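Order-wise, the sequence lines are chains L and X.
For the first sequence, position 433 (counting from the first letter as 1) is numbered 433 according to our numbering, and the numbering increases by one without interruption.
For the second sequence, position 249 (counting from the first letter as 1) is numbered 249 according to our numbering, and the numbering increases by one without interruption.
Rather than coming from a laboratory, the hints here were simulated on the basis of the structure.
Only a predicted model underlies this, so the values are computations on that prediction, with no experimental measurement involved.
Idealized CB from N, CA, C, for every residue including glycine.
Any given hint could turn out to be false.
[To be verified] Covered stretches of chain X, as calculated for chain L (at least 3 residues, CB under 8 Å):
# : segment
1 : 57–65
2 : 151–162
3 : 172–181
[Claimed, not checked] Some chain X residues judged to face chain L by a derived CB distance under 7 Å, without partners named:
# : residue
4 : Ile-129
5 : Ala-166
6 : Leu-169
[Unchecked claim] Here are the simulated DSS-like cross-link-like pairs (lysine-lysine), alpha carbons at most 30 Å apart as the crow flies:
#  : chain 1 : residue 1 : chain 2 : residue 2
7  : X       : Lys-289   : X       : Lys-159
8  : X       : Lys-159   : L       : Lys-424
9  : L       : Lys-433   : L       : Lys-416
10 : L       : Lys-424   : X       : Lys-155
11 : X       : Lys-431   : X       : Lys-418
12 : L       : Lys-463   : X       : Lys-64
13 : L       : Lys-90    : L       : Lys-24
14 : X       : Lys-159   : L       : Lys-356
15 : X       : Lys-64    : X       : Lys-181
16 : L       : Lys-356   : X       : Lys-27
17 : L       : Lys-140   : L       : Lys-90
18 : X       : Lys-99    : X       : Lys-289
19 : X       : Lys-64    : L       : Lys-60
20 : L       : Lys-341   : L       : Lys-416
21 : X       : Lys-155   : L       : Lys-356
22 : L       : Lys-424   : X       : Lys-99
23 : L       : Lys-416   : X       : Lys-159
24 : L       : Lys-416   : X       : Lys-99
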Amino acid sequence: MNTLIAITGLGIFCLLFEILNFRKGIVPFTILGLLGVLALNYYEFGSTASYYNNMIAVSKFSTAFSSLFIILTIFLVALSHNFYENHQTKISDYVAIKVFLLAGGVAMVSFGNLAMFFLGIEILSIALYVLAASDRLNIKSNEAGMKYFLMGSFASGIILFGICLIYGAMGTFDITEIHDSALSAELPIWFPIGMILMVIGMFFKIAAVPFHFWAPDVYEGSPALTTALMSTLAKVIAIATLYKLASGLNLIPSLENQDLSYTFINVVITISIASMTVGNIMALRQVNVKRMLAFSGISHAGFMLMTFLSISISAGVLLYYTAAYALAGIAAFSVILYVCKNQDNEDVTNFHGLGKTNPLLAAILTGSLLSMAGIPIFSGFFAKLFLFDQAIQAGYVILVIVAVINSIISVGYYFKLILAMYSKEPNEERTGKPFLIYAVAVISIGLNIALGLFPSLVLDLLK
Amino acid sequence: MNVSLILIILLVGAFITYFVGDKLASKVALFFSLAALGCSVVLLNHFNAGENISFMNAWINQPKISFALNADGLAIAMLLLTTALTPIIIFSSFGNDYKNAKAFYALILFMAFAMTGTFLAADGLLYYIFWELALIPIYFIALIWGNGDADERRKAVVKFFIYTLAGSLFMLTAFIYLYQKAGSFLIEDLYKVNLSAFEQLWVFLAFFLAYAIKIPIIPFHTWQANVYQKAPTVGTMLLSGIMLKMGLYSVIRWQLPLAPLAAKEYMNIFIVLGIAGVIYGSIVALRQKDLKKLLAYSSLAHVGLIAAGSYTLTLDGLRGSVLQMIAHGFVVVGLFFAAEIIFRRYETRQIDELGGIRTQSPKFTSMFLILVLASVALPSTFNFVGEFTVLYSLSQVNIWFAVLGGTTIILGAYYMLKMFQNVMLGETNSKTFADVSVNEGISMAVIIGVLLFFGFYPKPITDLITPSLETILNVINKN
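Based on the provided sequences and hints, a complete structural model is requested.
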């Protein structure tokens, strides 16, 4: 709760900076502020409390994921400095929106009431719509913002409809009360319908097949930094929220309602396989790196959905997977931001010969792609290992084999980029070594490797 | 003092090599690889004195993964193979001038690190991590420093990477499955798992896919010849000399003891696949025009025989395979080095463009001849010891296996000597052939020395590996 208040306060401060005409200091100030929030959040870890009639329920789950979100936001804010160089007049708006987006995200993982959950989603989504369209004079960015807004508000509407049906069935918005009555009483038909609608809305937010159609276009059209945000922070927030929703509403382990949980598991398996396969196969054909990462993100959503099969014990694995994925994503995008600055597209050709012109950044991008592909010693490998381990434990060997085959396919497109960097001739020289981009890239890939060497640090947080 | 020291030396060496810069890189890398060799010889002495040089440390609690390195005789033999070949390989590259040498030599040391780890690991997951780690450096070595057309090379290398990764991911699935049964990734716990025959078959096949691609066994060999040809010679040496031994070693260490029922039930199929590799490799080698490709196919034939020997599940078969692994490691490095020596002078590997070198360089000719004869397993060379033991074990299973496997010697002699004739003999070549330099001579002499010494006196190695092979056989035969 304190975290949430502090983040919102920080966002308002960022807006004040604009009035005070203190733009130069905004990025360092926000980073420091977020570090402070991170420390605050760290002290909240381990305590459970609920505030305002259980509107906000702080738990280990919420604080752990909030920390991840805050760390990712720090990286994204640090990247803003360089990215908005030519838009100095608006930088405080962009930074403030990111901070507010974080507030929405934190609200989404610490809700205790469906009203708060919806509020969080809307804060997050509206911030994302604005950021997607933030390159005002670029027609592609406009298109992305518009598309995202239309599709996103439609999904929000579906979620809201689902919440209403659940209220109709249960007579309450409170998670614990819904959880309890879902166990005991005979359920009215509205409850499962409402649940399905909510889950569909969330599948849209995490871009799982068949609700993924917005993702490639929006990722491609949005400014690169916004794409970075969507594919790391926003995706992680959405999947964590869905996890909390599914476990909090007792969707799977409801023994009383075996039909319901059986159906839900089948839905999850189908969507997981579909997301992995479609995401990977479509990614093979992309030449635009942002589009490729959009499809790769879709396939990773499929992998993450596998944690839902043993939902009572897999929070730690989900945290680990999301952390590994997002850190690799941040590292990859910081290199993309560097390479594609002043380019009008993000095609693979821009990366030709990066291994010769800038070996460090090429190595970092290679590392992050290897992590996403699941090659050891990077944490992406361990994430997949723990995921597969848990899925086999729960008895889904076939699903794991499908996932393994998908991992092999994914190597195809990740390596396309690596090949472009190392085996093609460079086509232009890039000058300048923006400190913050280098720092973010090095730190995030460093954290990724550290997670790989000491997985227990994160994995044991949510025991 | 324990075996983790060697891993540390190689890993630290890789980093230092990268940071000392291009000029010193090769020498620093040589220094660290020699240090690792020295260290492993010292460890061998400790081991022979009865000391425990294994290493074990907890790593991840849940799932339970430990950093466990087990040094039994078999692992030490493979360790020595790796640490002995690495300095030879590095030293053999001294005549070449590589761009970005610091990265090149750092990758070589890193690969040696990963391969050493693979041989030593006694925890399934740790083993898997090293196994995969070894793939990344060779990928870049072949991709960046390889020769030939860039597009073709890219295709070959990517195919190689995806093939091997695909195989090993199925191995990972098998490991996770075994972990569910055993509750630990430690090899001794995995050995204790009782699987039904049906489960064993799937586990066996999952492992087989990984190893058959790496070794390679027919029909998973299609990546091999192209990669061997396109990779720089150093990469080819690493691949054929050490890396494919990872697959053969893993068959003995992991695949057979973990799924013994399946291994016994389907023994004949896998022996036949191995022998098919022998015959196929030999026949295809006959028709090769490129020297490196010819050696690649001859390598395919030899490892097919080694694999067949392992699948016999007899002590002789296992022992013969390990001996032949070591012998083949040395001889194949020597042969590829000979090809490189020729290439340095004539800029070609096409056999029909060569010839008439003998009159210009008798020293090189005799060295090359010894290697060729060793490769066709002439008595008194190390390869003879290995190949003969393997053939003997095959004859115990079925005499026809030995007869067909024996064609490796006949066909091998035919294509190797024909190659030697075309490359070295004949009328004096119009282009001058400078005699071998001191550096080249040293590498060659060391390799030849090893092959001849153990050819006459293989007992030290046999004594080293036999006890651990017996232990493994006990695990295989326990049920």
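Status of each hint after checking the structure:
Coverage of a stretch by a chain is defined here by at least three residues with a beta carbon nearer than 8 Å to that chain's beta carbons; for the segment 57–65 of chain X and chain L the count is 4, and the condition holds. Taking a C-beta to C-beta cut-off of 8 Å, the segment 151–162 of chain X contributes 5 residues in contact with chain L, enough for the three needed, and the coverage statement holds. Counting residues of the segment 172–181 of chain X whose beta carbon lies closer than 8 Å to any beta carbon of chain L gives 6, which meets the minimum of three for the stated coverage. With its C-beta approaching chain L no nearer than about 4 Å, Ile-129/X sits inside the 7 Å limit, and its interface hint holds.
Restraint check, Ala-166/X versus chain L: the minimum CB separation of about 4 Å is within 7 Å; hint holds. Hint status for Leu-169/X relative to chain L: holds, with the closest Cβ pair at about 5 Å, below 7 Å. Proposed proximity of Lys-289/X and Lys-159/X is supported: the alpha carbons are some 23 Å apart, at most 30 Å. The suggested pairing of Lys-159/X with Lys-424/L holds, with an alpha-carbon distance near 18 Å, which does not exceed 30 Å.
This hinted pair checks out: Lys-433/L and Lys-416/L have alpha carbons roughly 25 Å apart, not beyond 30 Å. Taking the CA atoms of Lys-424/L and Lys-155/X, the gap is about 13 Å. The hint holds against a cut of 30 Å. A distance of roughly 21 Å separates the Cα atoms of Lys-431/X and Lys-418/X; the hinted pair therefore holds under the 30 Å criterion. For the proposed pair Lys-463/L and Lys-64/X, the alpha carbon gap of about 15 Å is at most 30 Å, so the pair holds.
The hinted pair formed by Lys-90/L and Lys-24/L meets the criterion: a straight-line CA distance of about 12 Å does not exceed 30 Å. For the hint linking Lys-159/X to Lys-356/L, the alpha-carbon distance of about 23 Å falls within 30 Å, and the restraint holds. Distance restraint check for Lys-64/X and Lys-181/X: the Cα-Cα separation of roughly 13 Å lies within the 30 Å cut-off, and the hinted pair is therefore satisfied. Distance hint between Lys-356/L and Lys-27/X is fulfilled; the C-alpha atoms sit about 24 Å from each other, no more than 30 Å.
For the suggested pair Lys-140/L and Lys-90/L, the alpha carbons sit about 20 Å apart, so the restraint of at most 30 Å is met. Distance check on the hinted pair: Lys-99/X and Lys-289/X sit about 29 Å apart at the alpha-carbon level, within 30 Å; holds. Among the hinted pairs, Lys-64/X with Lys-60/L is consistent with the structure: their alpha-carbon atoms are about 23 Å apart, no more than 30 Å. Restraint check: the Cα-Cα separation between Lys-341/L and Lys-416/L comes to about 21 Å, which is no more than 30 Å; the hinted pair holds.
With a C-alpha separation of about 20 Å, the suggested pairing of Lys-155/X with Lys-356/L holds against the 30 Å cut-off. Of the pairs offered as hints, the one joining Lys-424/L and Lys-99/X holds, with about 15 Å between alpha carbons and a cut-off of 30 Å not exceeded. The suggested pairing of Lys-416/L with Lys-159/X holds, with an alpha-carbon distance near 12 Å, which does not exceed 30 Å. With a CA separation close to 23 Å, the supplied pair Lys-416/L and Lys-99/X stays within the 30 Å bound.
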